[in-house]
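Asker: Fit the two chains together into the complex; they arrive one by one in their own frames, and the hints show the way.
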Amino acid sequence: MSTLIAPPQPRKPWVATPKQRLSSVGIYLASALVSYLLVAVTPMKGKLAYFAIFFFASLIIDFVRSYMQRGIASAKDAVARGFVSVGMTLAVFPIFSILFQVVKRGYKGLSFGLFTHDMSLTSPSDPIANGGLIHAISGTFILVAIALIVAMPIGILTAIYLTEIRGKFAKPIKFLVQAMSGVPSIVAGLFILSAYVYPVTGALSGFAGSLALMILMIPTIARTSEEVLLLIPPDLREAGVALGGTQWRTVALVVVPAAKSGLVTALILGIARVAGETAPLVLLTGGGEKVNSNPFSGPMGSLPMYIWKCFGQGSEQSIARAWTGILVLLVIVLALFTMARFLSERKVSK
Amino acid sequence: MTLLENKSSNIPAPREITTKPRFSDKVFRGVVTAGGLSSLAILGLILIYLTYQGYDVLKSQGFSFITGSAWNVFTDDAGNIDYTQTKFGIAAMLIGTILCATIAVLIAVPISVLTALYLSFYAPSGIRKFLVAVIDLMAAFPSVLFGIWGFFVLMPSAEYWGKLLHKFFGFLPFFNMQVPVFTRSPFVAGVVLAIMIIPIVTSISREIFGQTPLDRIQAAYALGATRWAMIKAVVIPYGRSGVVGGAMLGLGRAMGETVAVYTVLNIVYQINWQVLLGAGGNVASMILLKFGEAGPGEIKALMAAGLVLFILTLIVNSIADLIVKSSGGKGR
Chain A
1 MSTLIAPPQP
11 RKPWVATPKQ
21 RLSSVGIYLA
31 SALVSYLLVA
41 VTPMKGKLAY
51 FAIFFFASLI
61 IDFVRSYMQR
71 GIASAKDAVA
81 RGFVSVGMTL
91 AVFPIFSILF
101 QVVKRGYKGL
111 SFGLFTHDMS
121 LTSPSDPIAN
131 GGLIHAISGT
141 FILVAIALIV
151 AMPIGILTAI
161 YLTEIRGKFA
171 KPIKFLVQAM
181 SGVPSIVAGL
191 FILSAYVYPV
201 TGALSGFAGS
211 LALMILMIPT
221 IARTSEEVLL
231 LIPPDLREAG
241 VALGGTQWRT
251 VALVVVPAAK
261 SGLVTALILG
271 IARVAGETAP
281 LVLLTGGGEK
291 VNSNPFSGPM
301 GSLPMYIWKC
311 FGQGSEQSIA
321 RAWTGILVLL
331 VIVLALFTMA
341 RFLSERKVSK
Chain B
1 MTLLENKSSN
11 IPAPREITTK
21 PRFSDKVFRG
31 VVTAGGLSSL
41 AILGLILIYL
51 TYQGYDVLKS
61 QGFSFITGSA
71 WNVFTDDAGN
81 IDYTQTKFGI
91 AAMLIGTILC
101 ATIAVLIAVP
111 ISVLTALYLS
121 FYAPSGIRKF
131 LVAVIDLMAA
141 FPSVLFGIWG
151 FFVLMPSAEY
161 WGKLLHKFFG
171 FLPFFNMQVP
181 VFTRSPFVAG
191 VVLAIMIIPI
201 VTSISREIFG
211 QTPLDRIQAA
221 YALGATRWAM
231 IKAVVIPYGR
241 SGVVGGAMLG
251 LGRAMGETVA
261 VYTVLNIVYQ
271 INWQVLLGAG
281 GNVASMILLK
291 FGEAGPGEIK
301 ALMAAGLVLF
311 ILTLIVNSIA
321 DLIVKSSGGK
331 GR
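Those sequence lines, one after another, are chains A and B.
Taking the working numbering, the leading residue of the first sequence gets 1, the next gets one more, and so forth.
Taking the working numbering, the leading residue of the second sequence gets 1, the next gets one more, and so forth.
Chain B extracted, bound-state conformation (with noise of 0.2 Å):
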């Protein structure tokens, strides 16, 4: 009985065990927690701040800054903006980055999904690597390059191909002109801007058609149908989505494009709709362009017209990223 007693009195006392973070781990995940709300903070920042900053003019323009297209300063003897008269208004800006990057996607998209194509399903393994480094570097060339290298090199071309497009097209509404001038036209902005985009809507439709599922496209094989027969019945259906994705987020990048599209497309303060004439504008550019000239109210005016473009390129790259990830997945 006294051995027994004496034998508890050994037994150690319960242990708590616990999951509650020491105090180092306290620490280390408060920094890294505070470092990954960093992003939230910087694009609440930019919100804020350029509404700060542009909000007068928004104030004084309403909702004319975005629908009406004059851009006419008038200024009292001290400087200060005189508000009652002056307009900004960047409509046909707005409209001219919109044709821009809709003519970039429309003339990217198709290549890049052949390059996808190719690159997932013809090519052999060597070659595919080298492609792929490349098209991964184009990605990062810098867009004075291609500004620079589209207005000195592609300019002439793409005005010829403007030329033939309006002698062979010229009965569709938009390839339509009333004054032949072809230089540095929306078009020519476009295939720049379309250049500069293969290499991401490239990646990403590659990355979504090397996500179709093995088995099916076996099985397809096995039906005895060719390589294309295949990529209808089984790829396409399955990464359509994806590359519907990728697109938008092309568009969004060929939006926000700024030095590349200064370089070589015209910039004129008025609607339009014509993409093979020599006039066109784009937020970004004009930003750039009125940037040098401009006076402390004007800039109020710039920071407005960034908050606009800033607000369109996010809910393009919100809407592009919600379809890129819930795509997969899905097909017959």
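In isolation and in its complexed conformation, chain A is listed as follows (with noise of 0.2 Å):
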């Protein structure tokens, strides 16, 4: 006869036990019992006497039970898990908080005029439900296109010396294409000014804007393709040539199709880094507040110097505006940065 042997069951020693969830969660009840009493009884007060006080309370008993526990090594352990929670925290909870603060102060102007309408009839106290921003979103669109348009060949063709003919300028090109992206947005904006405005057209315009724009835009458009270009094997290549094809073919025809989803994300970063660019065009593109679809003469509005204008007006109706284009700006934004993330994970899939 044969006895049946239970199998064993199957063990998790990396997850944590119900008496350790237990005693986690005891700790931070501890902790917020604690805060809750010190800010009812001694004179600090505040969201922030809160804060601070269920941290080191719950640092303090964290440490107390490691040190009981496991000694001195996992008390300094779990004192540095605290300072890690915390420090995520700090960094994430403005996000949050900017999310939250656009969308509750942004969301009442939001109408369907807003976008069938300009400002051009509207005072800065009219009520908010009056004017839109019909010329703004207009302007931006232009404004990036055009800087799109000449910002893609030349950071698209930088991506492609850095990756494919590394020549000797290769380790300069790089450089300064990371001095670039550090230029001031406000130095890009005097720079259009003092070589194209002054000396070429003496008057504010769109194209003008979106020169400055292409400067922000190239590097960001430089270094994503150059990152993509990288990704694509070497064996492509190597398959281009051995085929026949020159050089030119071989990255025309084999490395940039096989790259072209990580080639369109990085085009959208580049548009979402300019997207919501102030400074250069409150100084280049005199903000207009009717539609102006000529980008070579007039003042042209944008969603950035929309914001700008409303919040420096100061009435409450526009500041209301204001949050209202942030809105809008934001939403925006988040739109292709979603979009330029869907495109770069489905390239790893691929």
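I should point out that these hints are in silico values taken from the structure, not numbers from a laboratory.
Where hints are given, some of them may not hold.
As the list claims (entries may be wrong) - Heads up, incomplete: computed chain A residues facing chain B, CB under 10 Å, no partners named:
| hint | residue |
| --- | --- |
| 1 | I27 |
| 2 | Y28 |
| 3 | L29 |
| 4 | L33 |
| 5 | V34 |
| 6 | G46 |
| 7 | I128 |
| 8 | G189 |
| 9 | E238 |
| 10 | V254 |
| 11 | P280 |
Keep in mind the model is a prediction, meaning the values are calculated, not measured.
Note that the Cβ used here is the ideal one computed from N, Cα and C, for glycine as well.
Answerer: This is the structure:
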């Protein structure tokens, strides 16, 4: 006769046991209690006090628990874990605060009229339902489109130079692209002012704004494209050359098509980088209140400029308009960003 | 004999094999190289044009453009700048720029390094993916958004923090102040800038930490190290210089920021080292502030100020880039 031996249960020693979980929850509850009591008893008040006392209380309790259970090394580890979590919270908190505040303060101004009217007949103190930002949206679209048309070839050619040709200038160019990404936006604006607006046209225009945006866009496109092209396996290039293709045909017909979605990601990130750029547009575009489809003459509105102007006017209604403008701008940036992420994830999975 | 001779005439002539590019490749290489060199051209043109426009001002002011802190414009009847009396000096603004940027880096670097450590070594993979996306997204937020959010939402809190600092650390010289005006101080601007540069410093630190050799990490664990002991013994020595480079990159960004600082900083033309006092300066914001009312002569001075800012950020960024590139491969 055979005795049935029960197979051993699979164990997961790295997963916290219910007892450990319970004690972690206990620590948080105890810290919350301590912070509540201390805020009630001592003169320390406010959200900051709750947060700080909760943090230090949980740190101390966790330290003591770890020390009693597993000694000083474990206790130090617990303190480090506490600090790391707080650092992470502090970094992420502003993002959620920004998103929350923008939605909370901006949604009131949303209406369909926003996308059919401009501000030419609306004064700052008019109710928020008057006027709209079609001029700003169309202006931003035109500005970014022109900037993209100029920056796309330059950025992608730079990336191709760095990855395909790798000539003797590769190192200095890489360095310069990095340096260019640190050019303050206001300096780009001043440069276009001194090199294009004063000597050539003498008047502010949308095209001048586009040129400044182009300068800010090139490094983003070049660096992202470079990363993407580096991911293309060298086998593809070798195969292209082995089939008798010249370098030009290999790059144009093999490498670039293989990197297509990544390059589109680079372009989208470039757009997202400049869509909210304000300082050069304040210097260069003049900021009109009407829809202007000619980038070469007349002031041109744009979303950041609209926000900037409304903020500057200071009345209650125009501040509300500024928040609505921010909400629209943020939605655009978010949409671009999500698109870029989606595309780049597809690139990895293929 | 004849047979062999016949055969030899059939042997093809030796071919010349060359690596010389064809014509189409030459054109291709030329075009791509030209595209690649455009960044050099643009940076060079920025330097040339700003110098050209600001030359009059720089020549008339000399070194006092950087060391002086007066900005008094005198014009003659025709509206031209009278260079004998006019004083342009951006010392107060330069000091303010460095002050705000330094505050930003001091606040942002610890938070960013801790965040990067969390993302690299503590976070479960689902949460890590989400947080990395969120922090990358924050890097794409427009600066005008930070400015307005900072003005309406953050500033009341930041003022309160400033008051606390003054109350408890007022004995330190830079937290001390005679007139209790906390609104729109360099400290508030520094906090806003810190939030703006957290994403970039975090992502660079994360990249550096991610390059830590896995064998060393596992060796530390195998020797019985806790997570913190492993980080202290392996990750920090390995990534230290990269984090310094990332911090400098953040410093460069913070120095060039315009709109966000403009909204939260009260720009006053005096050298102010008291970080909590509501009077500061920033070259980029000053340019934006003066631009609206400036005449042609004053705009030249703004161009010169832009040139100084450009060179300053270029130097800081280059040093940062060199540090980040040379980091890695070190450590115990």
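Asker: Run every hint past the structure and note whether it holds.
Answerer: Status of the hints after comparison with the structure:
1. I27: 17 Å, violated
2. Y28: 17 Å, violated
3. L29: 22 Å, violated
4. L33: Violated, because the Cβ-Cβ distance from A/L33 to chain B comes to roughly 24 Å (cut-off 10 Å).
5. V34: 20 Å, violated
6. G46: 8 Å, holds
7. I128: 16 Å, violated
8. G189: 8 Å, holds
9. E238: This hint is violated: A/E238 lies away from chain B, its Cβ roughly 15 Å from the closest one there, beyond 10 Å.
10. V254: Where the cut-off is 10 Å and the nearest Cβ of chain B is about 14 Å from A/V254, the hint is violated.
11. P280: For A/P280, the interface hint holds, since the closest Cβ of chain B sits about 9 Å away, which is under 10 Å.
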